[in-house]
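A.B. asks: These are the residues of each chain, in order.
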Amino acid sequence: MSKNIKLMQGNEAVAEGAVIAGCDFFAGYPITPSSEVAEILSSKLPKIGKVFLQMEDEIAAMGAILGAALGGAKVITATSGPGMSLKQENIGYASMCEIPCVIVNVMRGGPSTGLPTLPAQGDVMQAKWGTHGDHAVIAITPSSVNESLYETIRAFNLAIKYRTPVIILTDEIIGHMREKVVIPDKSEVEVLDIKLPDVPPEKYNPYNYTSGKVTPLAPMGEGYRYHVTGLIHGETGFPSQKTDVIQNAQNWLIDKIYKNIKDIEKFEEFQTDDADILIVAYGSTSRSSRQAISVARAAGIKVGMFRPITIWPFPEEQISNLSKKIKKVLVVEMNMGQIILEVQRAACGSKVYGLHIVNGEPITPDQIFAKIKEVSEN
Amino acid sequence: MIKTKFNYDYYLRKNTLPHIWCPGCGDGIILKALLRAIHKCGYSKDEVVITSGIGCASRLPGYVDFNTIHTTHGRALTFAIGMKMYKPKLKVITISGDGDALAIGGNHFIHAARRNIDMTLIVFNNYTYGMTGGQFSPTQPLDSFATTTPFGSIEPPFDVCNLAQAAGATWVGRSTSYHAVQLEKFMVDALNHTGFSVLDVITNCHISYGRRNKMKSPVDMIKYQKEKAVPARSAENMSPEELAGRFKTGVLFEAKDRPEFCGEYHKQLELVKTK
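Protein chains in written order, with this note's numbering: chain A, 1 to 378; chain B, 1 to 275.
These are computed hints drawn from the structure, not numbers from a lab.
Computed from a prediction, not measured in an experiment: that's the story for all the values here.
In this text, a Cβ means the ideal position worked out from N, Cα and C, and glycines have one as well.
Hints should not be assumed to be uniformly reliable.
[What the hints assert, rightly or not] Here are the computed lysine-lysine pairs in the DSS-like style, where the Cα-Cα straight-line distance is at most 25 Å: (1) Lys161(A) - Lys266(A); (2) Lys14(B) - Lys40(B); (3) Lys5(B) - Lys44(A); (4) Lys89(B) - Lys47(A); (5) Lys45(B) - Lys47(A); (6) Lys45(B) - Lys195(A); (7) Lys195(A) - Lys14(B); (8) Lys186(A) - Lys128(A); (9) Lys6(A) - Lys273(B); (10) Lys32(B) - Lys5(B); (11) Lys44(A) - Lys267(B); (12) Lys47(A) - Lys273(B); (13) Lys228(B) - Lys32(B); (14) Lys216(B) - Lys185(B); (15) Lys186(A) - Lys14(B); (16) Lys14(B) - Lys242(A); (17) Lys128(A) - Lys3(A); (18) Lys302(A) - Lys351(A); (19) Lys195(A) - Lys91(B); (20) Lys45(B) - Lys203(A); (21) Lys6(A) - Lys47(A); (22) Lys185(B) - Lys40(B); (23) Lys228(B) - Lys203(A); (24) Lys185(B) - Lys32(B); (25) Lys266(A) - Lys203(A); (26) Lys185(B) - Lys91(B); (27) Lys228(B) - Lys267(B); (28) Lys273(B) - Lys44(A).
[As the list claims (entries may be wrong)] Restraint-style ranges between C-beta atoms, simulated for each label pair: (29) Asn359(A) - Glu155(B): 25 to 35 Å; (30) Pro23(B) - Leu231(A): 19 to 29 Å; (31) Thr148(B) - Asn359(A): 56 to 66 Å; (32) Asp244(A) - Asp257(B): 35 to 45 Å; (33) Gly245(B) - Pro200(A): 48 to 58 Å; (34) Asp159(B) - Gly337(A): 50 to 60 Å.
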């Protein structure tokens, strides 16, 4: 069978992935460099009978997708920089109320208005800690246009399976770059559907903190009447201030992600077997790193790369294991030093170096190779 | 249409009671009127969705046996729009206080009205942020006192109904928690209206507002509602001086000829759908 191959932009690939994943509902607000996701879905979704809404602001867009998700829709929104900051409270609501949703953040330079048309990777810690309170999130960092499509499908599946917001962190480079994409047939990819609970309404509790299993979220309007609140709530959904309920609820929000890390994690190891230096890079920065590695190897320096695809929860175990055999680790990221903090924590056996350039330009293979030489001579 | 005899117990989640509202609060009167109105409209419990924001009034959904969503502060209408657009057959009602609907949620208020989406917003308007202890609200009358206007408010208040009408809502009315029978009737009208309906309900917070404004008991505030309410028809013959410090009640605006957003959207879907 001939493959369906297209040249497309990263933002387009996200939109395409959303459609393949069975997205029912998009709400968004225009913001550079993510607007193409909205523009493309404003045409694609209505043609297949699904809902596209441009809302009055970023907060409304986040609220609207959560409202639709409570009705049983598969939902997504896309934004960038300031828009991501505005969405944070309702992202916390999605965590607290365990509402599946996908949020795309096409990262641009910040803080504030920053660099609307230029890339950065400055929102990685925000993805984890942007909303207040203790919670766990899933965040994914695709590094190519093709991967943007497949990871968007995976994001929908993870959101539904773990009833959690899933953040896709691309950046201006991935979002606007055009590359070859192999568009899968729906039969070739796993797509999770939203299902009714397997218990009758009178036995349904919208939450379960102790069985270790994620209770399905019953679509509203189908006979399962229940209450949703951003207050700490018990398994019935109603608010509670009992100490044991509070602790169980808090534990659950974190455990449901971290106890399933093997299912959620995804990463790529590149030429790590014989490496003396390990690069840790994600998203667009991993692309320049890959080139720098081949230049370094040609120059006789053995460099490999660990590339997190699921960046949250952080792949501590893999980094820790690699650091036992590779004693120098170089973190390359387009921010002033964010993931390097996680790497330092995990790679306690190694010396950790950082290459952090935030000047509106991609980090080049030359810059990375220069740093590799410095690290190798150190 | 439900033919059964009306019974509050049928609609209440009795295990969530007692409610958090203070003795003498008007919110319970509005809740009861809402349950009677929903019953009169004949909706099944499964088809009703109630969203709310944050504040005393916004705790209402927890007490009633529908599909209920207690959302974030000011954002109840955005969740409601998402639900309505995805499941147009559901009856979506939003409960919001004056601060929730008009301060932090003001943008969503005007845009829901502009779209004329088929939902009902009930504003529990007690001129104050009761839950947080009586701070200034955007509907607080001029010269009145709050914990954050200790020298008297110098900010002109919003008129919820004028704002709703100007922004595009197609059913706009006002009543009070004193006028419980009228309130129920207006709720039925608002719920039956196709389009965005806004019902402004003047209610009492004697604890956080009344005590600072010479109305320290619920009775004082109920009297205020009774005396200051002017039926819209009577107001037509009154001078601005006579109307000062008072508010109009009644169905203040109704338009049946304007396109309703959710219906229009789904009509457009039928046109653009690829076969």
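A.B. asks: Would you mind marking each hint as holding or not holding in the structure?
C.D. replies: Results of checking the hints against the structure:
Between the alpha carbons of Lys161(A) and Lys266(A) the distance comes to roughly 16 Å, so the proposed pair stays at or under 25 Å and holds. For the hint linking Lys14(B) to Lys40(B), the alpha-carbon distance of about 21 Å falls within 25 Å, and the restraint holds. Of the supplied pair hints, the one linking Lys5(B) and Lys44(A) is violated, its CA atoms being roughly 48 Å apart against a limit of 25 Å. About 21 Å separates the Cα atoms of Lys89(B) and Lys47(A), which keeps this hinted pair within 25 Å; it holds.
Restraint check for Lys45(B) and Lys47(A): the C-alpha separation of about 33 Å exceeds 25 Å, so the hint is violated. Of the pairs offered as hints, the one joining Lys45(B) and Lys195(A) holds, with about 21 Å between alpha carbons and a cut-off of 25 Å not exceeded. At most 25 Å may separate the alpha-carbon atoms for a hinted pair to count; Lys195(A) and Lys14(B) exceed this at roughly 29 Å. Restraint check: the Cα-Cα separation between Lys186(A) and Lys128(A) comes to about 31 Å, which exceeds 25 Å; the hinted pair is violated.
With a C-alpha separation of about 23 Å, the suggested pairing of Lys6(A) with Lys273(B) holds against the 25 Å cut-off. Distance hint between Lys32(B) and Lys5(B) is fulfilled; the C-alpha atoms sit about 15 Å from each other, no more than 25 Å. Restraint check: the Cα-Cα separation between Lys44(A) and Lys267(B) comes to about 16 Å, which is no more than 25 Å; the hinted pair holds. A hinted pair counts as satisfied when its Cα atoms are at most 25 Å apart, and Lys47(A) with Lys273(B) qualifies at roughly 4 Å.
Our distance criterion of 25 Å between C-alpha atoms is met by Lys228(B) and Lys32(B), whose separation comes to about 23 Å. Distance hint between Lys216(B) and Lys185(B) is unfulfilled; the C-alpha atoms sit about 29 Å from each other, more than 25 Å. The straight-line distance between the Cα atoms of Lys186(A) and Lys14(B) is roughly 47 Å, outside the 25 Å bound, and the hint therefore fails. Of the pairs offered as hints, the one joining Lys14(B) and Lys242(A) holds, with about 19 Å between alpha carbons and a cut-off of 25 Å not exceeded.
About 37 Å separates the Cα atoms of Lys128(A) and Lys3(A), which puts this hinted pair outside 25 Å; it is violated. In summary, the hint linking Lys302(A) to Lys351(A) is supported, as the alpha carbons are separated by about 16 Å, within the 25 Å threshold. Pair hint Lys195(A) plus Lys91(B) holds up; C-alpha atoms about 22 Å apart against a cutoff of 25 Å. Annotation: proposed proximity of Lys45(B) to Lys203(A) holds, straight-line Cα distance about 17 Å (limit 25 Å).
About 20 Å separates the Cα atoms of Lys6(A) and Lys47(A), which keeps this hinted pair within 25 Å; it holds. With a C-alpha separation of about 9 Å, the suggested pair Lys185(B) and Lys40(B) falls inside the 25 Å cut-off, and the hint holds. The suggested pairing of Lys228(B) with Lys203(A) is violated, with an alpha-carbon distance near 49 Å, which exceeds 25 Å. At roughly 12 Å between alpha-carbon atoms, Lys185(B) and Lys32(B) fall within 25 Å of each other, so this suggested pair holds.
Between Lys266(A) and Lys203(A) the CA atoms are separated by roughly 36 Å; this puts the pair beyond 25 Å, and the hint is violated. In summary, the hint linking Lys185(B) to Lys91(B) is supported, as the alpha carbons are separated by about 17 Å, within the 25 Å threshold. Under the criterion of a C-alpha separation no larger than 25 Å, the hint pairing Lys228(B) with Lys267(B) is inconsistent with the structure, at around 45 Å. A distance of roughly 10 Å separates the Cα atoms of Lys273(B) and Lys44(A); the hinted pair therefore holds under the 25 Å criterion.
Range check, Asn359(A) to Glu155(B): Cβ separation about 46 Å, and the 25 to 35 Å hint is violated. Separation of Pro23(B) from Leu231(A) is about 23 Å and conforms to the stated range, judged on CB atoms against 19 to 29 Å. Remark: the range hint 56 to 66 Å for Thr148(B) to Asn359(A) is contradicted by a beta-carbon distance near 45 Å. In this structure the hint that Asp244(A) and Asp257(B) lie 35 to 45 Å apart at CB is violated, the actual value being about 57 Å.
Judged by the Cβ atoms, the range 48 to 58 Å given for Gly245(B) and Pro200(A) holds: they are separated by roughly 55 Å. Between Asp159(B) and Gly337(A) the beta carbons are some 52 Å apart, a value that agrees with the proposed interval 50 to 60 Å.
When the structure is compared with the earlier hints, violations turn up for hints 3, 5, 7, 8, 14, 15, 17, 23, 25, 27, 29, 31, 32 and for no others.
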